[in-house]
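Peer 1: Chains as they are written, first to last, in my numbering: chain H, 11 to 300; chain R, 11 to 300.
Take every hint as true, because none was put in to throw you off.
Repeated chains share a single entry, so a pair holds when one copy, or any two copies, can fit it.
As a list, the in silico EDC-like pairs of lysine to aspartate or glutamate whose alpha-carbon atoms are at most 20 angstroms apart:
#1 K251 with E215
#2 K264 with E192
#3 K251 with E272
#4 K251 with E192
#5 K93 with E116
#6 K165 with E116
Treat the hints as calculated values from the structure; they're not laboratory data. Model, not experiment: these values are computed from the prediction.
Residue strings, one per chain:
2 protein chains.
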Amino acid sequence: MESPQTVAIVGVGLIGGSIGLALRARGLASQVVGIGRDLGRLEAARENGAIDRATTDFSEGVAGADVVVVCTPVSQIAHDVRKAAEIVPGSVLLTDAGSTKRQIVETVQRHPQAASLFIGAPPLAGSERAGAAHARADLFEDRVCVLTPTPFTPKDRLDRARQFWSDLGCRVIAMSPIEHDEVLAYTSHLPHALSAALASSVPAEWLALAAGAFRDGTRVAGSDTGLWTAIFRENRGPLLKALGTAQERIAAFKYALMTDDEDAIRRWWDEARQRRQLFESMPSAIDRNV
Amino acid sequence: MESPQTVAIVGVGLIGGSIGLALRARGLASQVVGIGRDLGRLEAARENGAIDRATTDFSEGVAGADVVVVCTPVSQIAHDVRKAAEIVPGSVLLTDAGSTKRQIVETVQRHPQAASLFIGAPPLAGSERAGAAHARADLFEDRVCVLTPTPFTPKDRLDRARQFWSDLGCRVIAMSPIEHDEVLAYTSHLPHALSAALASSVPAEWLALAAGAFRDGTRVAGSDTGLWTAIFRENRGPLLKALGTAQERIAAFKYALMTDDEDAIRRWWDEARQRRQLFESMPSAIDRNV
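Looking at chain H on its own, in the form it has when it is part of the complex (with noise of 0.2 angstroms):
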């Protein structure tokens, strides 16, 4: 572990806020800088503890700082993290939290001084509450952080990435940034999709009759429009994939209700019932957080 440190977070929600809290509940920041737009905000997560010092003022935010992690909206991410790189000196090391990355580390890659200190790394959790009021220092306990370096990534910032992340207490992996959005679609992008469509299929007047069923399904379609539009847009192409997917799967089930082929129809619920068990099977899966 590294000697105490100045983190800087950019956008303290959800996502930031828990950062906050965990560095400062672990003990790994000498110092916890929150920047944002909105000072009452980041004045109502300092009150929380999430972070040591509040600065809607970008650059003087992250001057100080031995790490820089970028929470801000997926589409805002590049931009964030070219900003910071021309501030910040070279020994620095820029993360971010974004649930999609192809795009964001194409951008970055553009830029030669952020491409070698950047490390994407969306770590699997969050929550369909949002904001800093919801953060919890727990929240990357035992989470899977996968880390997405290009050929171009330093070693040394590799290194030093997964180390943030596993004190954060999240478990670490790497995979290319296409493979990334490609998983990312059918594991989180394709689940809360499909939760939309659920919610708003069922119309308004039968809610009353709606129960358990309903309500896990449709759990993940509370979560905030803005960021999840953001996510989509960006993600969009191996998205398409995914739900090409599951519009495959509603087809034949469909085939098999209008020929009232049982067989077929318990085949099919099979085949899920079966990968849904493989998931229950896994280390746990069932306490993971989005």
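Once you have looked at the hints, place chain R on chain H.
Peer 2: Showing chain R alone in chain H's frame:
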């Protein structure tokens, strides 16, 4: 409340077992008789306190009952109701716990004696865990129970059914069997179908990167295959319509993604989010189980 009575439960799984536990916990029955095909499983239910007495002899089991609750798979309920009606005296209340109603009620109606004793009554409760071992005395507390009388249902039988299910803790409402099936296709059967479509869309080798959205979205995909195959077949007309609605929602989203129409993506998500928030604002929405 009526004086303690003998209740026969045909099919002692999750629902039947929970009815037994609730009857006994609330002192609503002098005796609970469990009827099934597997004496070993019935004995286990007896040891768990779900029933007082176990029998595999259908006729002997229902013979002395004041109330017979049929909790077999939906494809078998009408058969069991008619069989019971031929044995029991005319004073008995026959009811069931099946998640579909039109076909069951139509089949029962064609049998005059069964028609005069029977009220369809699926409580909106359940779990992805099948079997009496997962039964709970509080499974019905504050759950909605939909009685499905017909124009031919005697009023005293309707009153007794209302009493029986509300004694178990249900909030009792009534609607026609056809309306019931149309509503449940959207509020329960569609969420189950989409849950399975999601589960089998994600490749097994990527499950280690799935998290909370996948976990909650696929919970009910772990439900019993036989039970759900029967429900889907019984209610395939209304379910096909509900699946069509979900397909339209997914197609609209795909189109918004393909054209990278930020406003359309945002509106699409917001509509779903508002529906989910409306559901959350309803009394005890979040506690309701399946």
